[in-house]
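There are 2 protein chains.
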Amino acid sequence: MIPVTLLRIPALSTSLFCRCGASVFQLQCRRTISKKARICDVLKSTHIGSDARVQGWVRSVRPQKDNLFLHVNDGSSLQPLQVVASSHLNTRDLTFGCAVDVTGTLERSPNKKQNVEIHAQHIKVVGECDPVDFPFKIKERHSLEYIRQFPHLRCRTNAFSSLLRIRSEATAAIQSFFRDNGYVHIHTPTITSNDCEGAGELFQVEPAGGKNVSDDPNPHFFSVPAYLTVSGQLQLEVMAGAFSAVYTFGPTFRAENSQSSRHLAEFYMAEAEIAFTESLEDLMKVMENMFKATTEHVLSRCADDVELFHKYIAPGHKDQVDLIMKRKFHVISYTEAIDILNNSTQNFTFSTEWGCDLQTEHEKFLVKHCGNVPVFVVDYPYDLKPFYARDNQDEPRHTAAAVDLLVPGVGELCGGSLREERLELLKGRLARTGLEETYAWYLQLREFGSTPHGGFGMGFERYLQCILGVHNIKDVIPFARFSHSCPL
Amino acid sequence: MIPVTLLRIPALSTSLFCRCGASVFQLQCRRTISKKARICDVLKSTHIGSDARVQGWVRSVRPQKDNLFLHVNDGSSLQPLQVVASSHLNTRDLTFGCAVDVTGTLERSPNKKQNVEIHAQHIKVVGECDPVDFPFKIKERHSLEYIRQFPHLRCRTNAFSSLLRIRSEATAAIQSFFRDNGYVHIHTPTITSNDCEGAGELFQVEPAGGKNVSDDPNPHFFSVPAYLTVSGQLQLEVMAGAFSAVYTFGPTFRAENSQSSRHLAEFYMAEAEIAFTESLEDLMKVMENMFKATTEHVLSRCADDVELFHKYIAPGHKDQVDLIMKRKFHVISYTEAIDILNNSTQNFTFSTEWGCDLQTEHEKFLVKHCGNVPVFVVDYPYDLKPFYARDNQDEPRHTAAAVDLLVPGVGELCGGSLREERLELLKGRLARTGLEETYAWYLQLREFGSTPHGGFGMGFERYLQCILGVHNIKDVIPFARFSHSCPL
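In order, the protein sequences belong to chains A and B.
Mapped onto the numbering used here, the consecutive letters of the first sequence carry residue numbers 1436 to 1923.
Mapped onto the numbering used here, the consecutive letters of the second sequence carry residue numbers 1436 to 1923.
Derived from the structure by calculation, the hints contain no laboratory data.
Covered by chain A, per the in silico footprint, the following chain B stretches (three or more residues, Cβ under 8 Å):
| no. | stretch |
| --- | --- |
| 1 | 1552-1566 |
| 2 | 1586-1593 |
| 3 | 1673-1680 |
| 4 | 1695-1707 |
| 5 | 1879-1888 |
All C-beta atoms, glycine included, are put in the ideal place defined by N, C-alpha and C.
Model the full assembly from the supplied sequences, consistent with the hints where possible.
Structural data, given as structure tokens:
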């Protein structure tokens, strides 16, 4: 058992409890000491003079002649709580990183930065932390690259704990946005037999060792090859045919052999699908509203945490975010985008001819060209888009009703389209690629009460990169998975 | 293009809009007709006489001599909206299952079951539905088994759409419960290199065709074998060491070759991990509170949908749920459970000796024995539990501080434990199974600011089975995955 230290100074003790023999001390304490409180709540408390108990990790220890000053953090906020105790309470195991259980009295703090502090009667070290072996050092500012080496410990740094609180709030904000607007939350499957866009880059799934199907002539657990989903779109289309508006928010996968700062093998997407939608304008409105509502929520609920990023990790990024929030998002067509790129003086690595896919370098240029605000690019070449994108039936440049949202610093954040609801057009396109039978179920959606509809997906990690100014996508997800890396 | 029918009766039209030539009709309409409303909102509306527009699917068509009565549903509620129109508006393509866009006036309904109805000026069929080919028939009640054959269409039935609305609300309720109680939401990874409990039954993940790593001497995309997660627990333990209280809610996987009514290859789990927790009582309190808060939320927000299940699918189940909600959950020890089983007159298929795992037949018996209320079983044999379960260091019957929650009709719903926070005990146990090196990172959590902690997981589909009385787990998930079955 990790040795625990229990210290108290009888002379200072004003509490009515714990005046008992050592053997029953713990039991007595459990029954009588005040309820544990989260530090974020204590910091807002006005109950000066009341009993208080907090538990958390020590972020700093400053012993002075008479008094000992600790900062204790329990993860509920960036700001730690100041604990003041007699210097007699200082012991060898009270170090940076150790876990403590503190009881005392809530007092007004003379410090201008906080309202209250705890005057401790007892400090119990429940878990030691050797400051020599611990990879994070007190008073040192570690880079995101450095802490990334410790996926099991980096959440104990200020930066990454702020990130995860923001991520948690942003998740809640996205869910609230859809919920408040009448969307039904659908858990689209992780394992799927359709490869959605026929795009490759899929992970395949089979039982480890194949032992579960050894008595079976069929080589596949699911009888058919099964993959990790690249998008819940097709299943959301199923559900939009019953609920009008649906969304999903969960992990999606790409088996890309990439070490880029914008790609992960496992990442989160918020996806929505809306029946009775006849225009890209309607979709763009939802995307812009979702982005702004989520960001507003995060900025107001996680002000301290966001400030850490905007101050220390991406200085100046606050102005960028303010600009995005203030302005209406731009809309340009793909054809206009190509014209802009072709008329620019910049040399691009990739081609900018009509019909070519937009690359990250193009996306970033377009965003800058439009004044560093988000840009919707609409009506992409028909041949660039998957079978389900709605045919605009235009000439001579044949386009589909697809839209991408490009944002400063990141490039593509969202992709969406109107879906081809017209049975004959969809059938024709699938037949040309030999996929008519594979998607027989999808065609049936168009036979039975089909509606004009559309939807989009937003990469959640890229969203976090965009609002926080974080360069590397590996720094905005709790456990990053990419080629050659899957610790824990 | 699916032919659309646009009908109106000029004589009845009281609207100020659409009095325009056919060619600009649609454009004009878009600009001037009243905003679309969700049917659940219309049903509660008191704006009698106002313009109204709804879009949805036809659930019934009753043509009478002068009037046409439709029921239209848009998925926002179980209850459809009654639409009344002149019988002239009836056309061949206005059938059960078709998608319609209805504009008209909101009027008080003479029907006692609803407050309002729409008197339609226009009914536009936007998507036809051939009632002969459509697998669901008007006025027929289809069994859950029957509709399960149509995973892309079953959401259009009353029963399954109710289920999915309940599932969506239950998801939100679980998230609210944790959020309101200060838990940080962590997205634990789907792909992991640890096999958590060493339990086998894992799915392995590699790129399809292996093409992405063909130029690489290492056979694995992630350099190591990678699996689909069976639990986010170990990663949550990482996070509990920074945030005190964390939770995750997402898909988990078992490669079980099972066709049982209680198992899926992909299912959802709500998992929580709480630092500074020293007793199973504290964990049980969270489990019971979560169960009751979530159920209360669902019962109040989805009354109609739940009633459908309690009336038509599991008659009498309402009493069962009421009983669960009213009573405090039972607590018995594993040793008491074995005594109860051994003293019963029932013949069990599986052994009931001390040291054996509890089987479903045992779990169901214990629940009945305790009066059909949920039962916590605590302190399981040490050798039955994974390496992380906290050693109770008791004799002669050696147990670990683990707990399962058994519920009526389902059996095991939750499993949890205190985790072994003592470095030396944990090291010893891992060393005995040769896993010390594999879990070096996990041991480090105990070296740096370790705390007593514990957590649990709840099977979300089993929870839905429990409150709704649904026999087969395949009927409570949007897209069921099990051996030999992965459509869509």
